[in-house]
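Undergrad: The listed protein sequences derive, respectively, from chains Z and V. Numbering-wise (my numbering), the first sequence opens with residue 1 and increments by one. Numbering-wise (my numbering), the second sequence opens with residue 1 and increments by one.
No lab work stands behind these hints: they were computed from the structure. Small disclaimer: the values here were computed from a predicted structure and weren't measured. Check each hint, because a few of them may be wrong.
Stated by the list, open to error - DEER-style ranges, computed between Cβ atoms: (1) Z/648 - V/368: 51 to 61 angstroms; (2) Z/466 - V/609: 34 to 44 angstroms; (3) V/609 - Z/494: 24 to 34 angstroms.
Stated by the list, open to error - Reference excerpt, derived from the structure (chain Z facing chain V, CB under 7 angstroms, subset only): (4) 334; (5) 338; (6) 339; (7) 410; (8) 415; (9) 429; (10) 541; (11) 546; (12) 599; (13) 600; (14) 604; (15) 613; (16) 615.
Virtual Cβ for every residue (Gly too), placed ideally from N, Cα, C.
There are 2 protein chains.
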Amino acid sequence: MSTEIAPPPSGYVQPVVDVPALTGLLDGEYAAVRDLVRTNLTTYASVLDDAEELGLDEYRERVRTLVVEMAATGQTGMGFPEEYGGGGSVGASIAAFETLAFGDLSVLVKVGVQFGLFGGAILQLGTRRHHDAYLPDLITGKLMGCFAMTETGHGSNVQALGTVATYDADSREFVLTTGDDQARKDYIGNAARHAELAVVFAQLEVGGTSHGVHAFVVPVRIDGEVAPGVRIEDDGRKMGLNGVDNGRIWFDGVRVPREALLDKFADVTPEGVYESAIENPDRRFFTMLGTLVQGRVSVGGGAINAAKVALAIATKYAERRRQFKADSDAQEQVLLDYGLHQRRLLPLLARTYALHFAQDVVRTQLHEVFSGIKDDEQSRRELESRAAGTKALGTWHATRVIQECREACGGAGYLAVNRFAALKADSDIFTTFEGDNHVLLQLVAKGLLTGYASEFGDMDQLDMVRFVTGLAVETVIEKTSAHKLLERVRDLLPGGDEWDQEAGLLDSEYHLAMLRFREEHMLAGAARRLKRGMDGKASPGAVFSQVQDHVIAVADAHVERLVLEAFVDKVRALPDGDNKVALGLLCDLFALTTIESDRAWFMEHGRLSAQRSKAISREVNDLCRKVRPLAADLVDAWGIPPEMLRAPDLVG
Amino acid sequence: MSTEIAPPPSGYVQPVVDVPALTGLLDGEYAAVRDLVRTNLTTYASVLDDAEELGLDEYRERVRTLVVEMAATGQTGMGFPEEYGGGGSVGASIAAFETLAFGDLSVLVKVGVQFGLFGGAILQLGTRRHHDAYLPDLITGKLMGCFAMTETGHGSNVQALGTVATYDADSREFVLTTGDDQARKDYIGNAARHAELAVVFAQLEVGGTSHGVHAFVVPVRIDGEVAPGVRIEDDGRKMGLNGVDNGRIWFDGVRVPREALLDKFADVTPEGVYESAIENPDRRFFTMLGTLVQGRVSVGGGAINAAKVALAIATKYAERRRQFKADSDAQEQVLLDYGLHQRRLLPLLARTYALHFAQDVVRTQLHEVFSGIKDDEQSRRELESRAAGTKALGTWHATRVIQECREACGGAGYLAVNRFAALKADSDIFTTFEGDNHVLLQLVAKGLLTGYASEFGDMDQLDMVRFVTGLAVETVIEKTSAHKLLERVRDLLPGGDEWDQEAGLLDSEYHLAMLRFREEHMLAGAARRLKRGMDGKASPGAVFSQVQDHVIAVADAHVERLVLEAFVDKVRALPDGDNKVALGLLCDLFALTTIESDRAWFMEHGRLSAQRSKAISREVNDLCRKVRPLAADLVDAWGIPPEMLRAPDLVG
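Chain Z on its own, in the form it takes in the complex (with noise of 0.2 angstroms):
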């Protein structure tokens, strides 16, 4: 706010975007299958009105048609093997998806629900019995599927879920049952209408013995009609995503063959042995999960791109909406000439173009490892936590974004023609599920904490709080992986002890070395609040619930260090240039706006003098100047269908 009024630069030349170079850029190596969906949402763009228009019914077997058609274009089924009709790239099918977010939403959590959670539940706890069973007809979208994980009393702890299976050695069958109405399966895509098969998540209890929870291939349907003993009803109208049938289930003795159990990680023998060749039951339950974090991946790649459209539709609509006269001329200004709109929507410009980049990485990751490229263990626990990570920030970010531009709308950024309407009620589930935010952050922490111990996967947050307790403080520091690379915490200065106080406040040096600190410090202050209240003789859950915000914000800054250096290193890597040069302008507003937003902190740590934080905050306005000649260009090499901003009031 001490912001003094910047000299016009001086010896700067703003660049010029070269749009089409930078799309091939921001696309990368999927650019063919991202124009496949970009054609594919032009050709059915009508669904937009459809969403406006048609009544629930309709629009869901609309939905249902697109997607199926969609499917025939080989869109939808790119991560399956190429021997069942897909595509075989993992990789792929997550840009496929992130491009999909451009459109309707509904298409996309249909999709989402039908190939990844259902689909992707099949392919990855499933064996080929399974696979040749269903993977043919699901990727083409002739056998429809849902996900019943989730119960009414139990989101985000699934472990403790209450739907039993119990295995009948008599008749070989394994007999389902939803106990209270708490265990019934609740919100669950495709169940109110579409599904045949459920995979449902159920405590597998064998001659008496609980064994945790297993997945199981449950016919929900048969020619169209509920399966007996079971029970589904409609969950209704919801805030948005209406194209998607969401319901209940609830299971009462239904019985299915001992061949129903998706058999990868364990089994149980005709006798009733059960069988696994991980011992940990915990351990167990994450690794059957883990495969399953392609859904996380994909939900915050969406997220991310449907931010962009929002963006797109209010940096067009400043750039001609004119709203009082700034000088005595005949004309009034534009809104992205006002220094708060620059301030408003800008950082955030820059923000996506950085989860951009950092979703780059985690679905080279998520490739790398489903492909076999580099799948060690340590490996799947680093794509574990960038995936939820990256969910929670990309999530989040989407929530603040559309709802900042619909603002910078105004009145015509309300109605329902206009895109907001749809994108505001659409994404706000996002941010809770695929795991709710506040929960993956606390599994980013937890990794962060126990420095992905082999035990790490295993834990709950009282196992962690015991464990991280049972360490000294500096063991928790070495085992964070930052520290591997840097030795002391004095060394995140690459100019010694004080050289953050007078390094260049655009040195990328400086942007990584601030956050970078940032995360240690608060990663060793973490374990030391654990430490001392579990010395103080609290109980670990209650000292897990007064640091609780400490560790959330361990992850946060964690994650947004790992955000910037992919941002870096994608700037660093490409030739000079303009593009260089504008993506450089963005990498730092983006940094510098990380830094400012957190300035107490740093300030409170003494890794920012008072002086030095104001310098900050009048470089954020200058960049932001520098930025907005620029930004319709930055927009448009997103390459967002046309259509898909559908905002005639706004955009023309």
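Assemble chain V onto chain Z, guided by the hints.
TA: Relative to chain Z, chain V alone:
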């Protein structure tokens, strides 16, 4: 984030909230009015289901019918003179409106359009002939009308409206004409279906001279048919508020008699001579606008109460929903016992209370000004400023609270049956209608920067820049109202220049001093930057653009100071007892979270050491733990009819 685990508070006795007494305090002098509305809300509770289930047309008709039925109970006409069938109390009318915001927000906005905007314009801008002609039927809802100010091209800058009303002295009529499509009236509530009359704002031209924007009563429907020369288009579905029929209106040479001009502030003689007691056309326009301030007071109060509904649901849910075990015992922990969950909800609870008491102040000021109790020029200006500021902070608060509460209720919060969908979609427009929040804060800042100079009402942003740069910075500071109470900046700190480093963190004087210091310092800084920019020969527009975020921050700091003062005054006036203790905790929590969220600024400006900043965060956590056991009672005290919570999956 450096918060250490606090020892259990010693000597602290947890208060027991007397819920009925607290409800009485909150309802205040308008308890009977509020209870009438509560009864009506309960009687018509089924409209919440209708909103979800009915089609667009039926829902609009349902809302119309309901509004007319509510009008018959006297609820909606309280602000009109008794001689016309009204209640004769502006304050009561606002209290009724606020309470109505617990229910369906389409009903609320329909009431606002009919009785606040349309009725308010007839009452405030018209004279006896208009009152006699329209008020009796308007108050019963028999005569429906609309308020046609906003145009597609102009929402914020309404002085630049494009519709023209030309006086034809021969026929003694005004001829209304929409120029191009940018001048069509847009987003006008009641226009698409129900309005018979419109109060139309248009540029008045008499004998070739333009006299600025004036208001005219224009029939837009006759016997249910659109009037000749009028064209109306439906705005169609909106993000929310679909029970209100918004539309667009074009006028093609529509003739209305001379008496159609609402002539309280200006008239045209039959011969075509323009007459007004207010010579300056800008001042005339802003005087007219000023009489409509009630709309902003209403929306602000409504938004605060909509936020209460969301908080009540989320708090009740967090009291019963269990997730993850906190300790090794059998039961999972309720959400509200998690430190993070407390941090998410309880500061919002405290801010809601703070805004409630701030709303009490602005409602009282409105009542006094419009009842002639305190109707001087200065009081009117302060009212306009306070109404603008409270509306901006109240509506942003509602958007934030509803989003946070939805996320805190997970998937169930996404189902339409559980109120969040409607709350979120319906309230979204609050931040930009009845004045865009950023534009409103600029209005507040303009008042501060010009010390409510007599010319201030007439200035646009450029005049303001020129005015401020014509003054010495000291003069600007001298002119601020806060300064009149407190001789010099240093005197803001009651214990001397260093006192704030040692003052008790729970001392209200400390909280007030911090917020006062921030406001004065920011104000002086903004004035200095404006002057420096103009001295540097930049154009006023460029200077304003560069200082705009600072100007907005000044306004925000000013309004937060007013909100805190309202809360502190309220607590201090209470008799000793548990309710005073409980409200004192909330007041401290509001004050410290307000300081905490801007602690970077306080550190940058030498008013907060790093150590003290961390201590404030610790204190906030401690206050959250103290408020936690009171949370259920504190939301119950709002007296929201249980039917309005309508969240069967969340609150049972």
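Undergrad: All the hints need checking, so say for each whether the structure fits it.
TA: Taking the hints in turn, this is what the structure says about them:
1. Take residue 648 of chain Z and residue 368 of chain V: their Cβ atoms lie about 46 angstroms apart, and the range 51 to 61 angstroms is violated.
2. Take residue 466 of chain Z and residue 609 of chain V: their Cβ atoms lie about 36 angstroms apart, and the range 34 to 44 angstroms holds.
3. A hinted range of 24 to 34 angstroms holds for the C-beta pair residue 609 of chain V and residue 494 of chain Z, which are about 29 angstroms apart.
4. With a least beta-carbon distance of about 11 angstroms to chain V, the hint placing residue 334 of chain Z at the interface is violated under the 7 angstroms criterion.
5. Against a cut-off of 7 angstroms between C-beta atoms, the interface hint on residue 338 of chain Z holds, since the closest Cβ of chain V lies about 5 angstroms away.
6. For the restraint placing residue 339 of chain Z at the interface with chain V, the shortest Cβ-Cβ distance is roughly 4 angstroms, inside the 7 angstroms limit, so the hint holds.
7. Here the hint on residue 410 of chain Z is kept, as its CB sits about 5 angstroms from the closest CB of chain V, short of 7 angstroms.
8. At its closest, the beta carbon of residue 415 of chain Z sits 6 angstroms from a beta carbon of chain V; the interface hint therefore holds under the 7 angstroms criterion.
9. The interface hint given for residue 429 of chain Z is met, as the beta carbon of that residue sits about 5 angstroms from the closest beta carbon of chain V, less than 7 angstroms.
10. Look at residue 541 of chain Z: its Cβ gets to within about 3 angstroms of chain V, closer than 7 angstroms, so that hint holds up.
11. Given the 7 angstroms rule on beta carbons, the hint for residue 546 of chain Z holds: about 5 angstroms separates it from the nearest Cβ of chain V.
12. For residue 599 of chain Z, the interface hint holds, since its Cβ comes within 7 angstroms of a Cβ in chain V; the closest pair sits about 5 angstroms apart.
13. Because the smallest distance between the Cβ of residue 600 of chain Z and any Cβ of chain V comes to about 4 angstroms, under 7 angstroms, the interface hint for this residue holds.
14. The interface hint given for residue 604 of chain Z is met, as the beta carbon of that residue sits about 4 angstroms from the closest beta carbon of chain V, less than 7 angstroms.
15. A cut of 7 angstroms between beta carbons decides the hint on residue 613 of chain Z: the least distance to chain V is about 5 angstroms, and the hint holds.
16. A distance limit of 7 angstroms between C-beta atoms decides the matter here; for residue 615 of chain Z the minimum to chain V is near 10 angstroms, and the interface restraint is violated.
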